[in-house]
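J.: Chains P and Z supply the protein sequences, listed in that same order. In short: position in the first sequence from 1, add 6, done, that's my numbering. In short: position in the second sequence from 1, add 10, done, that's my numbering.
Just so you know, these hints were derived from the structure itself, not from any lab. Warning: the hint list may mix true and false statements.
Derived lysine-lysine pairs resembling DSS-like cross-links, with alpha carbons at most 25 Å apart [said to hold, decoys possible]: (1) P/LYS544 <-> P/LYS422; (2) Z/LYS73 <-> P/LYS236; (3) Z/LYS23 <-> P/LYS323; (4) Z/LYS23 <-> P/LYS139; (5) P/LYS139 <-> Z/LYS54; (6) P/LYS236 <-> Z/LYS51.
Facing chain P, a subset of chain Z residues (Cβ under 10 Å, in silico) [as the list claims (entries may be wrong)]: (7) LYS23; (8) GLY25; (9) SER27; (10) ASP28; (11) PRO29; (12) GLU32; (13) THR33; (14) ASN36; (15) ASP37; (16) ALA53; (17) LYS54; (18) MET55; (19) MET85; (20) VAL86.
Label pairs and their in silico Cβ distance ranges [claimed, not checked]: (21) P/PHE580 <-> Z/GLU74: 36 to 42 Å; (22) P/HIS726 <-> Z/GLY31: 53 to 59 Å; (23) P/GLY194 <-> Z/LYS41: 55 to 61 Å; (24) Z/LYS41 <-> P/LEU14: 20 to 26 Å; (25) Z/GLU66 <-> P/ILE417: 56 to 62 Å; (26) Z/GLN61 <-> P/GLN410: 35 to 41 Å; (27) P/ARG12 <-> Z/LYS41: 53 to 59 Å; (28) Z/ILE50 <-> P/ASP282: 43 to 49 Å; (29) P/HIS726 <-> Z/LYS71: 55 to 61 Å; (30) P/GLU10 <-> Z/GLY31: 37 to 43 Å; (31) P/LYS311 <-> Z/HIS44: 54 to 60 Å; (32) Z/MET11 <-> P/ASN169: 49 to 55 Å; (33) Z/GLU74 <-> P/PRO490: 44 to 50 Å; (34) P/CYS151 <-> Z/GLU66: 40 to 46 Å.
Glycine included, C-beta positions come from ideal geometry on N, C-alpha and C.
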Amino acid sequence: MSLEERELAELKSKIGRDPTSTELQIVAAEWSEHCSYKSSKRHLKMLPMDGPLVINEKGYDSGVLDVGDGYVVTAHIESHNHPSAVEPYGGAATGVGGVIRDILSAGTRPIAIFDGLRFGNIENDLQARWLFKNAVTGIADYGNCLGIPTIGGEVEFDECYENYALVDVAALGFGKKENLIKNHVEEGDVVVLMGGSTGRDGIGGSQFASDSLESEDRSAVQIPDPFIEKLIIEAVLQARSDGLIHAMKDLGGGGLSCAISETADAMEIGIEMDVDKVHTRESDMNPDEIMVSESQERMLIVTSKTKLKKLEEICNKFRIGCSVIGDVNFNNQVHIKKGEKTVANLPADFVANATLLDLPSKEPTYLKTIETEKNFESISDYSKLMMKLLASPNIASKIWVYGQYDHEVGIRTVVKPGADASVLRLDNGKYLSAKIDGNPKQCYINPREGAIGCFEEACRNVVCTGAKPIGMLDHLQFGNPNDPEIFWTFLESLKGLTDFAKSFEIPCVGGKVSLYNETPKGSIKPTPVIGVIGLIEKKPSVPQKISNNDCLLIIGDTKDELGGSEYFEYVHKFVGGKCPSVNFADSKKNMTSVLDIIDKNLIKLAHDCSKGGLAIAVSEICMTNQIGCNVSLDKVPGEKLDVDRILFSESHSRYLISFDNENLSKIQSILNENNVSFAQIGQFGGKKIQFNNGTKSVIDLDVEKAHETWLHALPNLVLHGKKTN
Amino acid sequence: MATFSVHVTIENKPGISDPEGETILNDLVLKGTHETVSKIKTAKMLKFTIQEKDKESAQSKVKEICDDLRIYNPMVSKVTLDVFEN
Chain P
7 MSLEERELAE LKSKIGRDPT STELQIVAAE WSEHCSYKSS KRHLKMLPMD
57 GPLVINEKGY DSGVLDVGDG YVVTAHIESH NHPSAVEPYG GAATGVGGVI
107 RDILSAGTRP IAIFDGLRFG NIENDLQARW LFKNAVTGIA DYGNCLGIPT
157 IGGEVEFDEC YENYALVDVA ALGFGKKENL IKNHVEEGDV VVLMGGSTGR
207 DGIGGSQFAS DSLESEDRSA VQIPDPFIEK LIIEAVLQAR SDGLIHAMKD
257 LGGGGLSCAI SETADAMEIG IEMDVDKVHT RESDMNPDEI MVSESQERML
307 IVTSKTKLKK LEEICNKFRI GCSVIGDVNF NNQVHIKKGE KTVANLPADF
357 VANATLLDLP SKEPTYLKTI ETEKNFESIS DYSKLMMKLL ASPNIASKIW
407 VYGQYDHEVG IRTVVKPGAD ASVLRLDNGK YLSAKIDGNP KQCYINPREG
457 AIGCFEEACR NVVCTGAKPI GMLDHLQFGN PNDPEIFWTF LESLKGLTDF
507 AKSFEIPCVG GKVSLYNETP KGSIKPTPVI GVIGLIEKKP SVPQKISNND
557 CLLIIGDTKD ELGGSEYFEY VHKFVGGKCP SVNFADSKKN MTSVLDIIDK
607 NLIKLAHDCS KGGLAIAVSE ICMTNQIGCN VSLDKVPGEK LDVDRILFSE
657 SHSRYLISFD NENLSKIQSI LNENNVSFAQ IGQFGGKKIQ FNNGTKSVID
707 LDVEKAHETW LHALPNLVLH GKKTN
Chain Z
11 MATFSVHVTI ENKPGISDPE GETILNDLVL KGTHETVSKI KTAKMLKFTI
61 QEKDKESAQS KVKEICDDLR IYNPMVSKVT LDVFEN
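Let's have the full structure, built from the sequences with the hints guiding it.
T.: Here you go:
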């Protein structure tokens, strides 16, 4: 229970009496940071939410985008950080379940799952390794049982997540526009709770998520049951097609309390419900427990009395629980009874809208000196260093992770995980591409530029498949907002994202704020995770096999921006330096040029330069194609830089494209027309990855050895505790 | 030193759902004619054979091993140890 004194006083003065214990529980759940967004809501309004493709309806839990021909795509992102930190398997799995139901509640079928995972340093932290291994298994088991492909995501390790886990899950849905649930109610409608039974698991979960972990009794664990979830998906979609659903909401954080009060508030109705009607797992649950239980796999549906019979038939057919728990009226009250006895009676809008806070913010003092770089010993052997980087957990291949996920079920996956972004085939002949990206190392050094960088990186990834970004999901994860320095980093990130979204006309279609992410050692680094959804009207760029004499060309300038890079942090153990920043004009030019070149079918593959810089990006192309490449570092466009910076700077807006030699002049003329900075920097062939500076050889790697190391480093570490270097 | 069998039973804590047990109950047992059954819980059992000086140290050693190797998650699981002298 975490109602502050001020909030308790507000509650008392509003209702003019002492609240009952159930009322206290309901309000505490709904006014928790997790459900009410009380610290962040007034600022989130700055994000652009509208666009030509965006469909806004009241009460939607997910963003809806019109993709033409009568079809829509829905998208949502959620996190399950606190539960995953104590029970990684169940926490990560139920996180997937929650976001799937958000997609379902708009009346669309979930077609893809993405997951962004962050843990402590798995090289020496056994707890981090255990969390990582089990969270991945949890996601795999849940998604695979549901028959929904997990097609993308990212994994990152950083000391700041010691004893903690960030598990972000995003999902996409697809359906016909005419089948979208038009949330509405009619007089005499009834409220139905369908799905799993309500038990004592996850009691107080949303308040738990709004407190720091260390002070917790850690009892809010939820057990996943993907088979019930699958039945719910099918039952809901059938009920939707039969027109049996007037309004729908999934039960997530805050359980029934939030679902009931938010539905009543959004629809401007009152709901009278009886806790005795709820199907429970145990017989002795009291009203308070029933109202705040966060048992998984449940949906709240409003339907009419006449349609109820058909809905019950569907639930019987799929053998899932279904109880009529209450009635709709028009007095705008949330009225909870136990039998005849009233246990709570509160105004819906009052419960659903906590008083928003205007928290103070202050620039963190650490930022004043963070850009100052130290002098490091010069690198004697860059080839050796490269092998070390290729084996580092953040850069090593993540195939051990996505190999556990079924990414092809549903037969929509055209471009599979492992490339920049995956691509899904839609029923109207178009294609959808999506990616989520985060970068806490850069966001720590510069919260604004770092957040913009995540956004641009996600855009670059979908652009590499030939998709035009049409929507964005933001997931803002920070520490305790009552610390003005932390709140400042939140605001800076948000402002950066807003500027980028407005400038590129990419509306924010959904998001989540997760605060109070703290470990015993302090706050996590600012970790905004950005999802970008891109639409391909014609044909996606499916990576083709590179052959001898194909060209390697780089688009975009390489700058002196090693701050927050893997090179600084992994090799030199140095946190600081100048964070990469995005030049909006260049970014736009580069994006349109790449899309143009892909559209004209001139390239074999496009790959963005990000983690590990140019050196890693080129090596990734070579390793996945089992071919060597000879790169001239002196030709790389941008200011004059030393070799370290050209190789490892993580400057944004850069793309690598590979193509047949005969397309070179066509590509050059497109890039010249668009006034883009570019250069042909290398040629493929042989079995060596070579970087030369003038006539001097800097890096010389055997592609097969490099591939071997890069591919096996992560499983060797996680499964056998073996460090590759 | 004597030889002991230590049976470690790992099950979900009371109050936490047990989808596997519920499925066995609903889809196998109740589908037959066994209406007298009202609940089934699944559990995992590990049978250790261990050499220790007495029952108590056999039990505490096995408990220690299970804790160290994270054979179960104390957040979710209830663990019962039964010791038998061979």
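J.: So, for every hint listed, does it hold in this structure?
T.: Against the structure, the hints:
Between P/LYS544 and P/LYS422 the CA atoms are separated by roughly 18 Å; this keeps the pair inside 25 Å, and the hint holds. With a C-alpha separation of about 37 Å, the suggested pair Z/LYS73 and P/LYS236 falls outside the 25 Å cut-off, and the hint is violated. Proposed proximity of Z/LYS23 and P/LYS323 is contradicted: the alpha carbons are some 31 Å apart, above 25 Å. The suggested pairing of Z/LYS23 with P/LYS139 holds, with an alpha-carbon distance near 23 Å, which does not exceed 25 Å.
At most 25 Å may separate the alpha-carbon atoms for a hinted pair to count; P/LYS139 and Z/LYS54 meet this at roughly 20 Å. A hinted pair counts as satisfied when its Cα atoms are at most 25 Å apart, and P/LYS236 with Z/LYS51 qualifies at roughly 22 Å. A distance limit of 10 Å between C-beta atoms decides the matter here; for Z/LYS23 the minimum to chain P is near 8 Å, and the interface restraint holds. For Z/GLY25, the interface hint holds, since its Cβ comes within 10 Å of a Cβ in chain P; the closest pair sits about 4 Å apart.
The closest approach between the C-beta of Z/SER27 and any C-beta of chain P is roughly 5 Å, which is under the 10 Å cut-off, so the hint is satisfied. The closest approach between the C-beta of Z/ASP28 and any C-beta of chain P is roughly 7 Å, which is under the 10 Å cut-off, so the hint is satisfied. Interface hint status for Z/PRO29: upheld, as the beta-carbon distance to the closest one in chain P is roughly 4 Å, under 10 Å. Of the supplied interface hints, the one on Z/GLU32 holds, with its beta-carbon coming within about 8 Å of a beta-carbon of chain P, less than 10 Å.
Annotation: Z/THR33 was flagged as interfacial toward chain P, and the flag holds, the nearest CB pair being 7 Å apart, inside 10 Å. Residue-level restraint check for Z/ASN36 holds (minimum Cβ-Cβ distance to chain P is 8 Å; threshold 10 Å). Because the closest C-beta pair between Z/ASP37 and chain P is about 9 Å apart, less than 10 Å, the hint holds. For Z/ALA53, the suggested interface contact is broken, since its CB lies about 14 Å from the closest CB of chain P, more than 10 Å.
Annotation: interface hint on Z/LYS54 violated; nearest CB of chain P at approximately 14 Å, more than 10 Å. The closest approach between the C-beta of Z/MET55 and any C-beta of chain P is roughly 19 Å, which is over the 10 Å cut-off, so the hint fails. The interface hint given for Z/MET85 holds, since its Cβ lies 5 Å from the closest Cβ of chain P, which is under the 10 Å cut-off. With its C-beta approaching chain P no nearer than about 5 Å, Z/VAL86 sits inside the 10 Å limit, and its interface hint holds.
Hint check: P/PHE580 to Z/GLU74, Cβ distance near 41 Å, so the stated range 36 to 42 Å holds. Between P/HIS726 and Z/GLY31, the C-beta spacing of about 34 Å breaks the proposed range 53 to 59 Å. Roughly 37 Å separates the CB atoms of P/GLY194 and Z/LYS41, a value that falls outside the hinted 55 to 61 Å. Taken as a hint, the range 20 to 26 Å is violated for the pair Z/LYS41 and P/LEU14, whose Cβ atoms sit roughly 51 Å apart.
Distance hint for Z/GLU66 and P/ILE417: a CB-CB separation of about 59 Å, consistent with the stated range 56 to 62 Å. A beta carbon spacing of about 38 Å between Z/GLN61 and P/GLN410 agrees with the range 35 to 41 Å that was offered as a hint. A hinted range of 53 to 59 Å holds for the C-beta pair P/ARG12 and Z/LYS41, which are about 55 Å apart. Checked against the hint of 43 to 49 Å, the C-beta distance between Z/ILE50 and P/ASP282 comes to roughly 26 Å, which is inconsistent with it.
Under the hint 55 to 61 Å, the C-beta atoms of P/HIS726 and Z/LYS71, about 26 Å apart, miss the expected range. As the Cβ distance of P/GLU10 to Z/GLY31 is approximately 41 Å, the hint placing it in 37 to 43 Å holds. Look at P/LYS311 against Z/HIS44: about 36 Å separates their beta carbons, and that is not inside 54 to 60 Å. At about 39 Å, the beta-carbon gap between Z/MET11 and P/ASN169 misses the expected band of 49 to 55 Å.
For the pair Z/GLU74 and P/PRO490, the beta carbons lie near 46 Å from each other, so the given range of 44 to 50 Å is met. Under the hint 40 to 46 Å, the C-beta atoms of P/CYS151 and Z/GLU66, about 42 Å apart, fit the expected range.
Violated hints, in rising order: 2, 3, 16, 17, 18, 22, 23, 24, 28, 29, 31, 32; the structure is consistent with all others.
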